[in-house]
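Chemist: Each step along the sequence shown adds one to the number in full-length UniProt numbering, with nothing skipped, and position 44 is 44.
Just so you know, the hints here were simulated from the structure itself, not pulled from any lab data. Built from N, CA and C at the ideal position, the CB exists for glycine as well. Check before you lean on any hint, since a few could be wrong.
What the hints assert, rightly or not - Simulated DEER-style distance windows between Cβ atoms: (1) Tyr21 - Glu57: 47 to 57 Å; (2) Glu67 - Ser30: 51 to 61 Å; (3) Met38 - Ser78: 30 to 40 Å; (4) Ala44 - Met68: 32 to 42 Å; (5) His43 - Leu20: 33 to 43 Å; (6) Glu53 - Phe17: 45 to 55 Å.
To be verified - DSS-like mimics (lysine-lysine), calculated; alpha carbons at most 30 Å apart, straight line: (7) Lys51 - Lys73; (8) Lys19 - Lys36; (9) Lys19 - Lys29; (10) Lys50 - Lys36; (11) Lys22 - Lys36; (12) Lys25 - Lys36; (13) Lys46 - Lys29; (14) Lys46 - Lys36.
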Amino acid sequence: MKINGPILHYSNLLHEFLKLYKSAKYEVKSSVMVLKGMEGVDHAIKRRAKKEEEEEEEWTGMEQVVEMEDEKKEEEES
Numbered sequence: 001m002k003i004n005g006p007i008l009h010y011s012n013l014l015h016e017f018l019k020l021y022k023s024a025k026y027e028v029k030s031s032v033m034v035l036k037g038m039e040g041v042d043h044a045i046k047r048r049a050k051k052e053e054e055e056e057e058e059w060t061g062m063e064q065v066v067e068m069e070d071e072k073k074e075e076e077e078s
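Use the sequences and the hints to build the structure in full.
Modeler: Structural data, given as C-alpha cells:
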C-alpha cells in the first residue's frame, strides 16, 4: 500500500502534535503537583509554628504555676 505524500505529511504533523500535547499535559500536571506540594509544605510549616506556640504557652503556664508555688512557700515561711 502506497501512502500519498501530503497524507503522510499530515499524519506526521498529527503525530508530532499529539506528542507535544501529551508532554505539555504532563508538564502542567507536574506543575500542579509541585504547587500542591508547596501548599503542603506551607501547611506543615504553619502547623509546626502553631505547635511550637502552643508548647511555649504551656511552658509559660507551668512557669507561672511554679512562681505561684514559690510565693506561697515564701509567705508560709515568713
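Chemist: Hint by hint, say whether it matches the structure.
Modeler: Verification of the supplied hints:
The hinted window of 47 to 57 Å between tyrosine 21 and glutamate 57 holds, with their beta carbons roughly 54 Å apart. Taken as a hint, the range 51 to 61 Å holds for the pair glutamate 67 and serine 30, whose Cβ atoms sit roughly 55 Å apart. A hinted range of 30 to 40 Å is violated for the C-beta pair methionine 38 and serine 78, which are about 60 Å apart. About 36 Å separates the C-beta atoms of alanine 44 and methionine 68, a value consistent with the hinted range of 32 to 42 Å.
For histidine 43 and leucine 20, the Cβ-Cβ distance of about 34 Å falls inside the hinted range of 33 to 43 Å, so the restraint holds. Range check, glutamate 53 to phenylalanine 17: about 53 Å between beta-carbon atoms, so the 45 to 55 Å window is met. Taking the CA atoms of lysine 51 and lysine 73, the gap is near 33 Å; set against the 30 Å cutoff, the hint is violated. Under the criterion of a C-alpha separation no larger than 30 Å, the hint pairing lysine 19 with lysine 36 is consistent with the structure, at around 26 Å.
At most 30 Å may separate the alpha-carbon atoms for a hinted pair to count; lysine 19 and lysine 29 meet this at roughly 15 Å. For the suggested pair lysine 50 and lysine 36, the alpha carbons sit about 21 Å apart, so the restraint of at most 30 Å is met. For a cut-off of 30 Å, the pair hint linking lysine 22 to lysine 36 stands: about 21 Å separates their Cα positions. With a CA separation close to 16 Å, the supplied pair lysine 25 and lysine 36 stays within the 30 Å bound.
In summary, the hint linking lysine 46 to lysine 29 is supported, as the alpha carbons are separated by about 26 Å, within the 30 Å threshold. In summary, the hint linking lysine 46 to lysine 36 is supported, as the alpha carbons are separated by about 15 Å, within the 30 Å threshold.
Checked against the numbered hints given earlier, the structure breaks hints 3, 7 and satisfies all the rest.
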